Amino acid sequence: MNGLERIRTVLDANEPDRIPVFPLVHYGTARAAGYKIRDFSTDPEINARCLIHGYRQCGYDGVQPSVAVMVEGEAVGGLAEYPEDNVPFIKDVCLKIPDVGLLTMPDPQATNPMSLVVESTRLCAAEIGREAFIAPSIMGPLNSAGQIRGVETLMFDFFDRPDFVGELLDFTTELGIEYGKALLDAGAHGVFIGEAMCSPAFISPNFYRKFVLSRQKRLIDALMGHGAECTILHICADTKPIMRAYAVETGTTVIDLDWQVDVGEILNSDAMRPEKTLVRGNLDPAGELLRGTPREVLAASKKLIESVGKNPRFILGSGCAMNPDSLPANCGAMVEAAERYGRF
Amino acid sequence: MNRLDAIKTAVVAGKMEEAVAGINAAIATGIAPGDIIRMGLIEAMTVVGEQFKSNEIYVPEMLIAARAMKAGLHILKPLMVGNEAKSLAAVVIGTVKGDLHDIGKNLVGIMMEGAGCKVIDLGVDIAPDKFVEAVHIHRPDFLAMSALLTTTMPVMRETIAAIEKNGKRSAVKVLVGGAPISRKFADEIGADGYAGNAAEAVDQIKAMIHKTK
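Those protein sequence lines, which keep their order, are chains L and F.
Here the first sequence is numbered in this note's numbering, starting from 1 and rising by one per residue.
Here the second sequence is numbered in this note's numbering, starting from 1 and rising by one per residue.
No wet-lab data here; the hints were simulated from the structure.
All values derive from a computational prediction rather than experimental measurement.
Mixed in with the good hints there might be a few duds.
Here are the computed distance ranges between Cβ atoms for each label pair [to be verified]:
| id | chain 1 | residue 1 | chain 2 | residue 2 | range |
| --- | --- | --- | --- | --- | --- |
| 1 | L | Asn268 | F | Asp129 | 49 to 59 angstroms |
| 2 | F | Lys168 | L | Glu296 | 33 to 43 angstroms |
| 3 | F | Glu164 | L | Glu167 | 46 to 56 angstroms |
| 4 | F | Glu50 | L | Arg343 | 46 to 56 angstroms |
| 5 | L | Met1 | F | His210 | 55 to 65 angstroms |
Note that CB positions come from ideal geometry on N, CA and C, so glycine has one too.
Could you build the full structure based on these sequences and the hints that come with them?
Here it is in C-alpha cells:
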C-alpha cells in the first residue's frame with residue numbers, strides 16, 4: 001500500500017497493511033530540504049519542494065501544505081513578519097475596531113499567503129497526489145478570529161461585546177469554508193483544521209460550546225459537502241473536558257490529539273460512541289521528537305502503538321507541529337516503528 | 001460585605017468598574033492603600049489563581065480579573081509610601097527572541113504583581129543580551145522567560161548561558177514556562193524552576209523565597 005491507499009483504507013473503516021503515519025509537519029520540513037523557514041513561507045515552489053522532500057526522506061503517508069497560523073490573519077489585512085528561520089507571525093492585527101463590517105472576504109486564489117498554500121497544494125497534488133494523502137492546513141473559526149482581532153483583545157471581547165464575537169466567528173467560518181474549498185479544488189484530499197485556542201487549557205468548555213462548536217460543525221459540513229475525504233481537527237493540550245463535542249458533535253472525520261491525552265483511552269471511551277471518529281496522535285513534539293534520539297522515538301512509538309492496540313481508527317502522529325530539528329531521523333523513526341510494530 | 005470584601009469580589013469576577021468604584025470609596029473612607037492592595041487585590045488574585053488551578057475558570061476569566069486588578073493598582077500604587085511600597089520580590093519577565101506570544105507571559109506577570117511582586121516586563125521577542133542587560137540594571141530576584149514555540153525554546157538555554165557568562169547566574173533565580181516547556185526541559189537547560197501556568201509560577205516564586213529565607 002502507498003500512503004494514499006493506507007489513509008483512504010482507514011477512512012473507509014478497513015484494516016490497512018500497517019498503522020498509517022501522518023505527522024503534523026509543514027515548516028518543519030524546511031531545514032532538512034536545505035531551506036530557511038522564510039523561503040518555505042514565501043515561495044510556493046519551495047513550500048511544495050520541502051513538503052515532498054520530507055515525505056520522501058522520512059516515508060510517512062501524507063503531506064500538509066501550510067505556512068503558519070497567521071495565513072488567514074495576513075490574508076484579511078494583518079501585517080505579518082517573516083523571520084529568516086523562524087515561524088512567521090502577525091505583527092499588527094487588522095481589526096482594531098470591533099466592527100466586522102470593516103472586513104472584506106479575501107479570494108484564496110489571489111490573496112497571499114492563502115494563494116501560496118493553494119499553489120503549493122496544487123504542486124504537491126500534481127507530483128505526489130496519487131501516492132500520498134494531501135491535507136493542507138486552514139485555521140478554525142476561533143484561531144482565525146484571534147489572528148484577525150488579536151488573541152488577548154478577543155478574550156476581552158468575549159465579555160465586553162459577545163455579539164461582535166459571534167459576528168466575527170461567522171465571518172471566519174465563511175473564510176475557512178472559502179479557503180478550504182479552494183484547497184480542495186487545487187487537489188487536496190482532505191483538510192486539516194487548526195484550533196489551538198479551543199483548548200481547555202485556554203478557554204472553558206462552556207465558551208467552546210457556546211461560541212465555537214456549531215461554527216466548526218458548519219465549516220466541517222461545508223468542506224465534506226465540497227468533496228473532502230476527511231477533516232482533521234486539531235485542538236492543543238488536554239482536550240478530555242470537551243472530547244464529546246470535539247470528537248463527535250463537530251462531525252469531524254479525524255481528531256488530532258496532543259501528547260497530553262491517552263489515545264487508547266479516548267478511542268475506547270464513551271465520548272467517542274458511535275465509534276466512527278479516527279484519532280491521530282500523539283508523541284510529544286517538544287519532548288522525544290525534538291530532544292530524544294531516534295531510538296527513543298522508536299521506543300515511544302512502540303509504546304504508543306501497543307497501548308492503542310491494532311485499531312484501524314488510529315493514525316500515528318506527532319501531537320502538535322514538529323520542529324525542523326526533528327527531521328529526518330526522529331520523524332523517520334516514527335515510520336520505522338509503524339513498519340516494525342504496527343502491522344495488521 | 002465590608003468594603004475590602006466587595007473589592008475582592010469585584011476583582012475575582014473581573015468587574016473592573018465595580019472594583020475601581022470600590023477602591024475609590026475605600027480610599028475616601030481612609031483605608032490605607034496598602035491594606036486595599038493586600039486584602040482586596042492580592043487576596044482576590046490568590047482566589048483567581050486557585051480557581052484557575054482547579055479549572056473553575058480559564059484564561060479569559062483570568063484576563064478580565066487581571067484587568068480589574070491592574071486598574072486598581074493604577075489608582076493605588078501612586079498612593080503607596082514608605083514600607084507600604086515594599087515588594088515581595090523583583091521579577092524581570094519576557095518572551096524569548098523569535099516568539100511574540102504574550103498572553104501567558106502577561107498572565108504570569110500580572111499574577112506575580114497580584115502576589116505583591118515588582119514586575120519588570122520586557123515584552124516579547126527578547127534576545128539573550130537584553131535579558132542580561134535587564135538583570136544588570138534591575139537586579140531582580142527572579143528572571144522569568146516564556147516560549148510558546150518549539151523553535152524558540154532553545155533561546156532559553158542561550159539566555160541562561162549568557163547570564164552565566166556575565167557572572168550574574170548566582171544573583172538571579174531563573175524560571176521558565178510556556179506550552180512546549182516541561183520540567184525536564186527546565187532541568188536540562190539549568191533553570192531553577194518551571195511553572196505549567198501562571199498560578200504555579202506564583203507558587204514557585206513563593207516557595208523559592210521561603211526556601212532562601
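Structure-based check of each hint:
Checking the proposed 49 to 59 angstroms range against asparagine 268(L) and aspartate 129(F) shows it holds: the Cβ atoms sit about 51 angstroms from each other. Look at lysine 168(F) against glutamate 296(L): about 34 angstroms separates their beta carbons, and that is inside 33 to 43 angstroms. Range check, glutamate 164(F) to glutamate 167(L): about 51 angstroms between beta-carbon atoms, so the 46 to 56 angstroms window is met. Between glutamate 50(F) and arginine 343(L) the beta carbon distance is about 49 angstroms. The supplied range of 46 to 56 angstroms therefore holds.
Taking the beta carbon of each, methionine 1(L) and histidine 210(F) are about 59 angstroms apart, inside 55 to 65 angstroms as hinted.
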